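With chain Z's structure known, arrange chain Y on it following the hints.
Just so you know, the sequences run in chain order Z and Y. Residue 16 in UniProt numbering is what sits at position 16 of the first sequence, and the numbering runs on without skipping anything. Residue 164 in UniProt numbering is what sits at position 164 of the second sequence, and the numbering runs on without skipping anything.
Think of the hints as simulated: they come from the structure by calculation, not from any bench. Honestly, I wouldn't trust all of these hints.
FRET-style restraints, in silico, Cβ to Cβ [said to hold, decoys possible]:
1) Z/Val-39 x Y/Ala-154: 42 to 50 Å
2) Z/Val-39 x Y/Thr-86: 43 to 51 Å
3) Y/Val-30 x Z/Val-220: 55 to 63 Å
4) Y/Arg-183 x Z/Ala-215: 33 to 41 Å
5) Z/Glu-81 x Y/Gly-85: 31 to 39 Å
6) Y/Arg-191 x Z/His-37: 39 to 47 Å
7) Y/Gly-186 x Z/Val-220: 16 to 24 Å
8) Y/Pro-159 x Z/Pro-84: 44 to 52 Å
9) Y/Arg-194 x Z/Pro-84: 44 to 52 Å
10) Y/Arg-67 x Z/Leu-189: 26 to 34 Å
11) Y/Gln-121 x Z/Ala-135: 16 to 24 Å
12) Y/Ala-128 x Z/Ala-147: 42 to 50 Å
13) Y/Gln-121 x Z/Arg-184: 22 to 30 Å
Please read these numbers as outputs of a predicted model, since none were measured by experiment. Glycine included, C-beta positions come from ideal geometry on N, C-alpha and C.
Listed below, chain by chain, are the residues.
Protein chains: 2
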Amino acid sequence: MTAPALVLHGYWRSSAAYRVRIGLGLKGLVWQDRPVHLVRDGGEQHGAAHVALNPQQLVPVLEHAGRVLTQSLAILEYLDEAFPGTPALLPADPAGRAQVRALAQLIACDVHPLNNLRVMQYLGRELAADEAARARWTAHWMEEGFAAMETLLAQRSPPGDFCHGDRPGQADCCLVPQLYNARRFGVDLGRYPRLLQIEQACLALPAFAAAAPEAQPDAVAV
Amino acid sequence: MTAPALVLHGYWRSSAAYRVRIGLGLKGLVWQDRPVHLVRDGGEQHGAAHVALNPQQLVPVLEHAGRVLTQSLAILEYLDEAFPGTPALLPADPAGRAQVRALAQLIACDVHPLNNLRVMQYLGRELAADEAARARWTAHWMEEGFAAMETLLAQRSPPGDFCHGDRPGQADCCLVPQLYNARRFGVDLGRYPRLLQIEQACLALPAFAAAAPEAQPDAVAV
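Chain Z on its own, in the form it takes in the complex (with noise of 0.2 Å):
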């Protein structure tokens, strides 16, 4: 029996994951999936198996041909370039890429890491946020972020359905999980219709809808 070509350590509602989940699904690559709990018995993230394959004890992970790749755009990236016959992610201009990079980036560096799960832990655990603190920190950033991407959106992007013309990328495989994570978190979307659009748009799309948190093998109920 092979390894399989393409492995993804990832968690159903990391949001990270769910990004690359979508990159793979939009090239029409297979890939098998190796779930790392993050919350279950303190988080099998601060194993050993997972430390030894990400020293940042974050997913998701990705294992293509002995190479361990970490950093969700820097698998994205990664993609398009190990994998030239499949639908590219970004698109082929200088500043067409620049831009779609840069909306990705708004939500990869700007809002996602301000709500990840280690940072609301030590909000609560170190400056004794309660909930409805850590509620209003997290909805913050996100509407800062958001408002920001709507206006970008409208004054940058070229006609089309997704973040950049008629075919999904990288800025798109951001946006959606962020949106589910607002969602999660109860953020009030209504000031976004052009985010919303986009989202309606991915949503259609078989990979998208696969890389769902939901369809994930180890989701559960909540």
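Coordinates of chain Y only, in the frame set by chain Z:
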């Protein structure tokens, strides 16, 4: 008089602007600085002129050929693609590129955004975190990131003076400003000898020296 080809809207102490200055310098590009004062009068980044450039109200912003580029890592990628004759900030092979990007994102996604000015302001204002609590917060995320980076560099980096082999690149552009920040906040760096070695190799290069906060036109004595 022709408009300058490259205009950088930054701030001397902004870690993300510092990354872009290093990248521009490593490529031998010439640019014009347009300082945005992040603190004075509530922050010039929130004023109409800057908001029109970047709805995220953050620096850096790079203007080039009528394009307005945001997000430091997207800008560094753009520089590689728009100026192909200049020294590349990423290696040529997909695996090496993924490794360098993952190191850059470790800092740009998982360390820096948590210690940004806007986050420190929120912690003080909304969560009543005093100076000591904010210092612990800052140190916590930096130490977590630096420890993981030290391990990743030992495990995966090819030999050489920099984050990836014998030439500085995207990861070094992120590491040096983050170490600068760490010292500013009194973080003990003794546990990260590899990071300090790389920093030393970087700081010996003119592009890094010229990009240092204290060498900027808007630097003020503090």
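Subject >> Violating hint indices (sorted, rising) >> reply: 1, 4, 5, 6, 7, 8, 9 and 12
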